[in-house]
Amino acid sequence: KAGVTQTPRYLIKTRGQQVTLSCSPISGHRSVSWYQQTPGQGLQFLFEYFSETQRNKGNFPGRFSGRQFSNSRSEMNVSTLELGDSALYLCASSLGTSGTTDTQYFGPGTRLTVL
Amino acid sequence: GENVEQHPSTLSVQEGDSAVIKCTYSDSASNYFPWYKQELGKGPQLIIDIRSNVGEKKDQRIAVTLNKTAKHFSLHITETQPEDSAVYFCAASGELGFGNEKLTFGTGTRLTIIP
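Going down the list, the sequences are from chains A and V.
Here the first sequence is numbered in our numbering, starting from 1 and rising by one per residue.
Here the second sequence is numbered in our numbering, starting from 1001 and rising by one per residue.
Just so you know, these hints were derived from the structure itself, not from any lab.
Don't be surprised by glycine CBs; every beta carbon is placed ideally from N, CA and C.
Please note: incorrect hints may appear among the correct ones.
[As the list claims (entries may be wrong)] Short derived list, chain V residues pointing at chain A, Cβ under 10 Å: (1) Gly1041; (2) Pro1044; (3) Leu1046; (4) Ala1091; (5) Leu1103; (6) Phe1105.
[Unchecked claim] Here are a few chain V residues that sit away from chain A, every Cβ distance over 10 Å (derived from the structure): (7) His1007; (8) Ser1012; (9) Ala1070; (10) Ile1114; (11) Pro1115.
Starting from the given sequences, assemble the full structure and let the hints guide the process.
Printed below as a string of structure tokens:
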């Protein structure tokens, strides 16, 4: 089975621009979660989507948004980029259908650099 | 919300020796505890996980123990090898109940195996 894929792998943007990152989950997985990883804050949960609906949300400003399509693929968008948004953005997929937290599998991440 | 503390932040062990990494969590409702290994330039890779109805789980050289009363869990790696060198993260989840895929991560432990 193919793993979680993320595109692009690397991205350079300037302050004020917006960016869209893409994630394709493992086949059969319906839940997609997004995390931000920085040296200072570590791994932080952004949001989770299941069946095209946002099911959980972390403590990030409204500039961070996402969506999920009917084939479970997900995108996240960051508008009005700030220098502090430079990070590795990780996507994780899971079945999302059990009565508790399912095992999550991570993609390789998208390295975003904001200049 | 949940808070996960991880110690130590760095750990160096001789090849062949054992390594132990410890984590504590704050929310007694958490019931799922995965461990991830992250190598340079890659996303976190699940190495072992444990649920609250189990006190210990082992997979070859890797074991995890959970003490729900004390709210801490530990990763044990025996017979360490150079390829075990990486950053290890613990995480906790489940406090929000059904359909919660939000993981709260520890700050990571950089493990170095000395040949």
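Hints, verified against the model:
1. Gly1041: This interface hint holds because 8 Å falls under the 10 Å limit.
2. Pro1044: 5 Å, holds
3. Leu1046: It holds, given that the least Cβ distance between leucine 1046 of chain V and chain A is near 6 Å, below 10 Å.
4. Ala1091: Interface hint status for alanine 1091 of chain V: holds (8 Å vs cutoff 10 Å).
5. Leu1103: It holds, given that the least Cβ distance between leucine 1103 of chain V and chain A is near 6 Å, below 10 Å.
6. Phe1105: 4 Å, holds
7. His1007: The claim holds: histidine 1007 of chain V sits with its nearest Cβ about 14 Å from chain A, beyond 10 Å.
8. Ser1012: The claim stands: serine 1012 of chain V keeps its Cβ more than 10 Å from every Cβ of chain A (closest is about 20 Å).
9. Ala1070: At roughly 21 Å from the nearest Cβ of chain A, alanine 1070 of chain V sits farther out than 10 Å, so the non-interface label holds.
10. Ile1114: 24 Å, holds
11. Pro1115: Consistent with the label, proline 1115 of chain V stays out of reach of chain A, its closest Cβ about 27 Å off (over 10 Å).
Of the numbered hints listed earlier, not one is contradicted by the structure.
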